[in-house]
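Chemist: Protein chains in written order, with numbering that gives the first Met the number 0: chain U, 0 to 325; chain D, 0 to 325.
Hints are computed from structural coordinates only; laboratory data are not their basis. No experiment lies behind these values; they were computed from the predicted model shown.
Identical copies go unnamed one by one, so any copy, or any two together, can satisfy a pair.
Pairs of lysine to any residue, SDA-like flavour, derived with a Cα cap of 20 Å:
| no. | residue 1 | residue 2 |
| --- | --- | --- |
| 1 | K128 | P139 |
| 2 | K292 | P139 |
| 3 | K128 | H138 |
| 4 | K128 | T162 |
| 5 | K205 | H185 |
| 6 | K128 | H161 |
| 7 | K300 | E136 |
| 8 | K205 | S248 |
| 9 | K187 | V325 |
| 10 | K110 | I84 |
| 11 | K110 | E277 |
Protein chains: 2
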Amino acid sequence: MARVLITGGLGFIGSNLAQALVARGDQVTILDAMIEPMGFNLANIEEIRDSVRLLVGDIRNPDDCMEAVMDQDTIYNCAGQVSHIDSMTDPWTDIDINIRGNLTLLEACRKVNDRARIIYAGTRGQIGKVVRQPCDETHPDSPTDIYGVDKWAGEKYHLIYHTSHGMKTCSLRINNCYGPRHQMKHGKYGIMNYFVRLVFLDQPIKVFSPGTQLRDYNYVDDVVQAMLLANSGKADGEIFLLGSGQPISLADMAAAVVAAGKEFGFNARFEMVPWPVERKSIEVGDFFVSFEKFTRTFGWKPSTPLPEGLRKTFQFYQERRDKYIV
Amino acid sequence: MARVLITGGLGFIGSNLAQALVARGDQVTILDAMIEPMGFNLANIEEIRDSVRLLVGDIRNPDDCMEAVMDQDTIYNCAGQVSHIDSMTDPWTDIDINIRGNLTLLEACRKVNDRARIIYAGTRGQIGKVVRQPCDETHPDSPTDIYGVDKWAGEKYHLIYHTSHGMKTCSLRINNCYGPRHQMKHGKYGIMNYFVRLVFLDQPIKVFSPGTQLRDYNYVDDVVQAMLLANSGKADGEIFLLGSGQPISLADMAAAVVAAGKEFGFNARFEMVPWPVERKSIEVGDFFVSFEKFTRTFGWKPSTPLPEGLRKTFQFYQERRDKYIV
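With these hints in hand, go ahead and build the complete structure from the sequences.
Modeler: Spelled out as structure tokens, the structure:
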């Protein structure tokens with residue numbers, strides 16, 4: 000029975016991870032600052048509320064961090080500001096959370112628990128504009144927004160605390176994750192869940208024309224399985240990209256959401272619209288990855304095809320509509 | 000007659016740049032926070048004191064930045080915390096200056112002067128561990144210390160303000176610059192100048208054995224010429240590496256410093272010592288670069304051979320020993 004801390008554990012990936020850890024009998028602590036309108040939702044842990052310790056606290060606060068990291072075996076560091084757009088309109092909050100916050104957590108570990116393994120939830124946004132496809136861990140990084148830069152810095156801090164302070168850290172660069180327990184009240188965090196939200200609201204999905212740019216979408220259970228595997232000495236000091244192995248165009252993804260929505264009785268539909276100006280400069284074009292390094296190291300492969308993942312997603316939110324879709 | 004702001008203009012590179020700009024008749028403003036024990040030295044501008052406007056202010060202060068950037072044609076952004084070691088013992092100051100400070104300067108420009116060209120003084124430290132030599136601008140970045148990460152983030156902010164806000168920004172990644180007007184009171188900022196200091200103090204130069212790692216050393220006048228050339232639309236949105244084209248081992252460099260010191264009558268000498276533990280983890284091995292991109296774009300080549308640069312360096316400090324060597 001391992002002691003595991005999840006920062007941002009009330010959010011999308013953190014709470015799905017908490018469900019999996021509790022299911023296998025780990026002692027789970029969640030540290031979450033519960034900042035509106037970020038990803039937290041108490042409904043995300045209602046099935047396991049009595050089995051987890053919930054600390055309401057902020058990774059920017061050294062005392063909160065020290066209390067949370069004490070005596071943990073493993074720390075999944077999922078806390079963060081995760082909106083690309085918000086990082087451009089308010090870069091200060093982004094650097095405060097994603098840079099100062101990550102450093103605060105690492106310093107707390109260095110001081111009171113430098114033996115814990117820390118798994119950082121990185122993002123494909125750190126890579127930015129791609130110069131070759133598929134993108135792997137040796138691809139040069141050139142983020143197109145403040146969020147991508149700051150998450151990159153957070154990742155590198157983790158790796159430096161490995162090389163310089165001997166701590167057990169790694170980064171999984173997560174790539175368009177979707178599924179249950181996502182923030183569904185706005186559309187800033189993940190495009191596929193935002194499309195699902197539009198179906199629930201009986202609104203047409205809008206795809207920026209022509210919608211041909213390719214993306215990888217990873218169902219959250221597959222990502223959680225990868226995170227569980229990464230709790231291993233084989234990950235220490237390493238960066239791994241995660242992906243689906245099945246790149247799909249934005250228009251085809253929208254069509255898949257529409258098809259799943261229809262299965263659940265919705266009048267789902269999508270239409271093509273011109274690109275909005277404020278998104279054009281941070282758009283990175285096609286993006287799909289090779290996760291061969293992670294597969295080679297841990298034997299992981301994503302096992303949830305898009306239609307199945309979407310069905311599970313619709314099922315989840317249909318049963319809990321009042322708690323997610325406002 | 001252009002209006003030019005230099006942040007960190009009392010420091011090493013900034014003040015040498017100021018000398019060159021004043022010599023050609025530009026209207027120079029210096030913004031410098033004069034923080035001990037950083038690189039500022041009023042002696043650095045004594046020849047041009049009556050020709051420059053000196054603002055004592057901090058790039059972390061929005062009002063200081065707005066006053067400084069107003070009406071400037073060109074901004075050389077040389078301010079920064081520049082010690083690798085200090086960034087590891089006090090990462091907070093490093094992120095405050097190199098991350099929050101750079102963002103504050105960019106935001107001030109965006110608000111009150113988004114037409115100025117901004118040339119960022121980047122560093123080879125952003126690259127970290129090299130996987131191929133010579134290193135060029137497409138090499139992946141993986142800094143080995145907090146300083147390298149934070150300077151990297153500062154560079155990317157500049158480039159994002161180009162793509163997203165249409166501002167004219169670029170980065171020159173400077174590589175082991177040495178010469179007159181360097182901080183000589185301690186050895187944290189540049190190894191060659193530190194070796195020169197030891198010669199002045201009649202102390203042996205210590206080379207971490209075996210001293211075979213290759214480096215590029217750029218004489219500051221060559222770097223200043225590159226910075227003047229980069230004030231051009233051809234640089235906007237670009238990253239350029241600067242180098243010497245003549246990689247030399249640490250031991251040979253030390254021998255060159257010893258030879259120059261002897262020319263000036265010093266009992267210069269060097270000895271081999273074991274690696275200190277706290278530097279070993281942030282040491283990156285051989286490092287030399289291709290600056291072919293900058294040469295191709297601007298026709299620049301460094302023109303000062305190491306022995307000549309070292310002679311000029313010894314000459315400068317010998318004439319001003321009381322103001323530099325404590």
